[in-house]
Every structure is written in structure tokens, then in C-alpha cells.
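Chemist: Sequence:
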Amino acid sequence: METKQFKAESKRLLDMMINSIYTHKEIFLRELISNASDAIDKLYFKSLTDDKVGLGKDDFAIWIRPDKDSRTLKISDNGIGMTAEELENNLGTIANSGSFKFKNENKLEEDNQIIGQFGVGFYSAFMIAKKVTVISKAYGSDKAYQWESEGADGYTVTEAEKKNVGTDIILELLDDTDDEQYSEFLDQYRIKGLIKKYSDYIRFPVKMEMTHSRPKEQSEEDKAANKPLEYEDYIEVETLNSMVPLWKKNKNELKEEDYKHFYTEKFLDYNEPIKYAHVKNEGVPSYNALLYIPSKAPFDYYSKEYEKGLQLYSNGILIMDKCADLLPDYFSFVKGLVDSEDLSLNISREMLQHDRQLKVIAKSIEKTVTGELKKMLKNEREKYEEFWNAFGLQLKFGVYSDFGMNKEKLQDLLLFTSSKEKKLVTLDEYVTAMREEQKYIYYATGESVARIEQLPQTELVKDNGYEILYLTDSVDEFAVKALRSYKDKEFKSVSADDLGLENTEKKEEIKAKEEENSDLLKDLASALDGKVTKVILSQRLKSHPVCLTSEGEISLEMEKVLNAMPTDQKVHAQRVLELNPEHEIFGKLKALGDSGDKDKLGKYAKLLYDQALLIESIAIEDPVEFSNLICELM
1 METKQFKAES KRLLDMMINS IYTHKEIFLR ELISNASDAI DKLYFKSLTD DKVGLGKDDF
61 AIWIRPDKDS RTLKISDNGI GMTAEELENN LGTIANSGSF KFKNENKLEE DNQIIGQFGV
121 GFYSAFMIAK KVTVISKAYG SDKAYQWESE GADGYTVTEA EKKNVGTDII LELLDDTDDE
181 QYSEFLDQYR IKGLIKKYSD YIRFPVKMEM THSRPKEQSE EDKAANKPLE YEDYIEVETL
241 NSMVPLWKKN KNELKEEDYK HFYTEKFLDY NEPIKYAHVK NEGVPSYNAL LYIPSKAPFD
301 YYSKEYEKGL QLYSNGILIM DKCADLLPDY FSFVKGLVDS EDLSLNISRE MLQHDRQLKV
361 IAKSIEKTVT GELKKMLKNE REKYEEFWNA FGLQLKFGVY SDFGMNKEKL QDLLLFTSSK
421 EKKLVTLDEY VTAMREEQKY IYYATGESVA RIEQLPQTEL VKDNGYEILY LTDSVDEFAV
481 KALRSYKDKE FKSVSADDLG LENTEKKEEI KAKEEENSDL LKDLASALDG KVTKVILSQR
541 LKSHPVCLTS EGEISLEMEK VLNAMPTDQK VHAQRVLELN PEHEIFGKLK ALGDSGDKDK
601 LGKYAKLLYD QALLIESIAI EDPVEFSNLI CELM
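All residue numbers for the sequence shown refer to our numbering, where the first residue is 1 and numbers rise by one.
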């Protein structure tokens, strides 16, 4: 029996197939089942015009037969089979695709389910097998042939015995090692899991004899004696795949329960999704999609370990479990899948080439998700707020990231707590409710609504009857800075220099008092030894004696957030200490200044500065000194 050699380039490709093209060895089963499905498709296509085939669609099947004793795994189909010449051409020359040729010769439409294109998937079997045997009988032939190979050294083709048309592939598995347990591919439940994962939607049944256990029937005497149950094994033929994908069914065939059940089962979430969308896009590229918005964030959602992405299928075959390129980061909470026949796959059918079709699909999905969120916000406000509590932070990160490139897409989806009624409002709702003379969208930052409520800086804005947005998340102020404005209304922090509310007469009065007390203010700033850029008299304070604000782009809240990050570089806001000229404390400071007691004045300055820090929830530098100063001045 003559051993035939693979061509030199085929040897190199075979070595690549075994060692580098496929990331996961388990992929081999997907490839062989896909090839079997192709073979059945070809005979089914022929049966539509040839009565001699004698098989209807329900007669076709793929069989999986593991045998632990002989360490073999057999994949059989009753498809079109191969002649000796086709075995030579299809298996002797790597990357010669019979499916691709069949598709072209028969001028099949793009939606035909022929899967194979590259003709290399068969060789993934050598990742787990030391010997591969193919026994095939072609439709219309009286003879069967056997192709056999142990890898790159070559192959043989001989006549064989086979009763029915079709192909059997027998894999003799490699021996187990410390690193690889090839025996796992003989375990029926492992095989079942792989078919569910990769080939669940092959449109022909994939069958296997499953061994189960059941209790033996007991006699009355044994029952009376409370004898323990004895068990016996029995074999049952199971169809391992679903065949018809939910997303390819007509929407009018499905109920809400069908979509929700699919989600909880497919994505292992105990909670039902808060929203779903079934998309059928007939354009170029065409695709079907099921998109789900979870009701709760996964435990690792806001961590580095979380992986975003949609499942990606090509003609019902899983190509990628998480295709990150289909979702922008700000919609990373979306779960679901996309199935398209128009994707350009690479040679391993394991990864997607980054091409125009993928970008078009991703853009379309982004529009769909945006549209669903806007509809939920408009028509199901309570449900949207539930979504917001779970994933709103991610949308705010989306506004801030990429230098604010996506802010216009996301700004109408944002919610913030309002000072009025302490409820969540959109930016549109805030602006619509603004009084005619109001110039700015006012906001205040803090670690909680309760803390912001107590901030002295909010007094002036509240006294004027204006609404304030309370920003309590670390990213909030960065997002607002990225937005800059909304519907021509600029965002303004309640700690800003000019709130647009100050009375002109009051301004002049404060200015005159500052000039009158300029030496006192300089002495106070000097006593704080560079901790503040200046000490000024405040126009915003009503009942509080002191507050801390900042100049420049870095606010006090931004300083806290940035310095909490694990970096060696620390940022510092340009702090300004503001004093209330109407408060009795300022009168005490004036008296100390007039008396010339700079030492005591300095102690008051430190105490007031530490008070202002505590109001801002900023840790004071020396708590012991702060405590001693209180005791001393009391």
C-alpha cells in the first residue's frame, strides 16, 4: 500500500494547523460537524431535483460515537460522500475547499447554509488525534474508499467496505500528558457541552447515544426491608443540538417568555433582562441579532476582569464567544448575539477579520441600543431608572472618555439627582424647567446627596430659587467638564468664581471690604503657608463662616478622585479660602488683626482651613493639631 505525500506547502500548513492556527483544541469538533453538515447539505440540495436520493430532510443526521476502550471518536454523516478522487483532492491537498467549489458550481444564493470555505477545518483533528481515518462512499458510487493519515508524513487511499452513502471520520486520540487530557473528548457530557457551545444551531440533528442511570425496580420484600436502591445503566439516543436558532424565527412566533427564557439559559443570569430587542437586518451586510439589557450589573462589571462582547455566529456556527468590536465601551453591559452570513472569516473560522462588514454591524447595533434606551426613558421611566442605577456610571464614563467624542450620543440618556424633590432628572428636563433669567446649569459635587445638601457653597443658588444637579459619582464632574454645555446652557459649579447671581451693589461692597482688610487677608493666607493661593471675602456664603473653593480646571472633587488613583503623581487644586464678612467669626478675626496678635490669628486661620476641609470631606493633615487648637481657643 503506497503512502502518498502531502505537497510541501501542505506539510507546512498542516504543521501550522496543529500548532498555531487554532487557539483552542476543542474547536476540532465544531469543524468536523460543520463539514458533516456541508456534506448533508449537498445531498439534500441534490434530493430536491433527484428522486433517486430517497431521503427527505428528516432522514439526515450526524452521529457522534465515543469509545473509551479503543480511545476513538467517530463522527458520521449520511451526506453526499466522497469518491477516491475527491478524497485525494479534498484531503490530500490542504486548503482545497470542496464546499467552496460546490457553492460556485451550483451558483447558490448567499443565504444557502453551506458552511465550509477554506477546506482546512478537517485538519484541526490532528490537534487531538494521532491517527485520522476517513471512510466515505459517494452518492451514485458502488465503491467506498478509506483515507488514512498519521500527520505530516503522508496518507494512504484504499478501497473499503461501507454499506450506506456518507462519511465516517474516526479519530484515534493522542495519549494523555501532564499538560493535556485528550480523554476529555471521549466523555459524553463534555462532547454534549461542546456541541451546545459551538454547533447548537447546525440545521441537521447531531445525535449521540447517552448512557444514563436509573434505579432498578424493587420487590415488595426489599421495600419492606428498606433495602438500598440498586441502579442500572440504560442507553438513550439524544439529539444534542437545537437546530433552529431563536433569532431566525419570525417575531410573531415568539412570546416575551421565549426571549427571557433564552436569555437566562444562554447567559446564565438568574435575573430576567430589563429590556430586549430582536433585530433582523436585511441590508448589506445582513444579520440577525438578539440584544439584551440586564437588570443588574454582574459582580465584576466595574473591574478589569469583566469582558464585554456579543456572541458572534456565522450561519449558526459560533465564531467568537465575546466579540468586543461589536459594542462600544459605554454599552459594554449589553449581552446577546449576532448571526451574519456576510462576514469575512479568517482561515481558522475562529476569529473575525476586522473588516467593513463588522464595523457596519457594530454601528447598526449601537443605534439599536441607543434607540431602545431612549424609548425606555420616555415610556418606562421607572424601568429606566432601575437600569440607570445598575449601569448609569458606564454611560457617564462614555461621555468623558475619548476626549468627549461620544458626548452628543449619550447626553440625552444621562440622569442626575436634582435639588428639587431629590429625584433623578434628565438634562432636558432641567433646562426645560429653568427660569427665563437663569444663565447656567448649576451643579454641586460631593460623596452623597446628604453631604452636598450641607455645603455652604449651595446657599446662594438655593436662595435664588434655582435647581442644582447633585453629582455624587467620581466620574460626574469629569463628564460635565466634557459636556461643557447642554442646549446652549453652560454648566456652572456652585463653587465657581462668578455664579451670575451676585448683586452689583453687593459686589462693590465686598470689593471695598477686601481692600479695607487686605492686610488681614494677606496675613491669614501667609499663616496657611501655601495651602491656599489666597483668602478672600465671599459673596456666596449666608449662614456659614467659611468655605473652600478652587481656581483653574482642577476642582476639589477632581483632586480627590485623581489622587485616589494608584499613581505616584499627585495633583493639587488651587485652593481658595472664602470667609463670610457678615459672620461674627470675621469680626473676631478683624479684632485679632487690629491687636497685632499674629500668632493667635494664625491659629484661627488653621482652624478655619481645617473646618473648610472637613466640610468638603477632605482629610485634614494634622488631626492632633486641629484638636489641640480647638481646646486652646475654647
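Each hint should be verified, as a subset may be incorrect.
Unchecked claim - Calculated cross-link-like contacts (lysine-lysine; reagent style DSS-like; alpha-carbon spacing at most 30 Å):
1) Lys-375 - Lys-255
2) Lys-227 - Lys-207
3) Lys-275 - Lys-130
4) Lys-130 - Lys-192
5) Lys-223 - Lys-280
6) Lys-374 - Lys-248
7) Lys-42 - Lys-248
8) Lys-207 - Lys-275
9) Lys-280 - Lys-248
10) Lys-248 - Lys-266
11) Lys-481 - Lys-367
12) Lys-308 - Lys-192
13) Lys-52 - Lys-68
14) Lys-513 - Lys-590
15) Lys-249 - Lys-423
16) Lys-251 - Lys-227
17) Lys-420 - Lys-359
18) Lys-207 - Lys-308
What the hints contain is simulated information worked out from the structure, not anything from laboratory work. Here the structure is a predicted model, which is why all the values come from computation and not from measurement.
Chemist: For every hint, state whether the structure bears it out.
Modeler: Evaluated hints:
no.: 1; hint: Lys-375 - Lys-255; verdict: holds (20 Å)
no.: 2; hint: Lys-227 - Lys-207; verdict: violated (37 Å)
no.: 3; hint: Lys-275 - Lys-130; verdict: violated (49 Å)
no.: 4; hint: Lys-130 - Lys-192; verdict: holds (23 Å)
no.: 5; hint: Lys-223 - Lys-280; verdict: violated (58 Å)
no.: 6; hint: Lys-374 - Lys-248; verdict: holds (26 Å)
no.: 7; hint: Lys-42 - Lys-248; verdict: holds (22 Å)
no.: 8; hint: Lys-207 - Lys-275; verdict: violated (35 Å)
no.: 9; hint: Lys-280 - Lys-248; verdict: holds (8 Å)
no.: 10; hint: Lys-248 - Lys-266; verdict: holds (16 Å)
no.: 11; hint: Lys-481 - Lys-367; verdict: holds (25 Å)
no.: 12; hint: Lys-308 - Lys-192; verdict: holds (26 Å)
no.: 13; hint: Lys-52 - Lys-68; verdict: violated (38 Å)
no.: 14; hint: Lys-513 - Lys-590; verdict: holds (11 Å)
no.: 15; hint: Lys-249 - Lys-423; verdict: violated (42 Å)
no.: 16; hint: Lys-251 - Lys-227; verdict: violated (54 Å)
no.: 17; hint: Lys-420 - Lys-359; verdict: violated (43 Å)
no.: 18; hint: Lys-207 - Lys-308; verdict: violated (33 Å)
Against the hints set out earlier in the document, violations occur for numbers 2, 3, 5, 8, 13, 15, 16, 17, 18.
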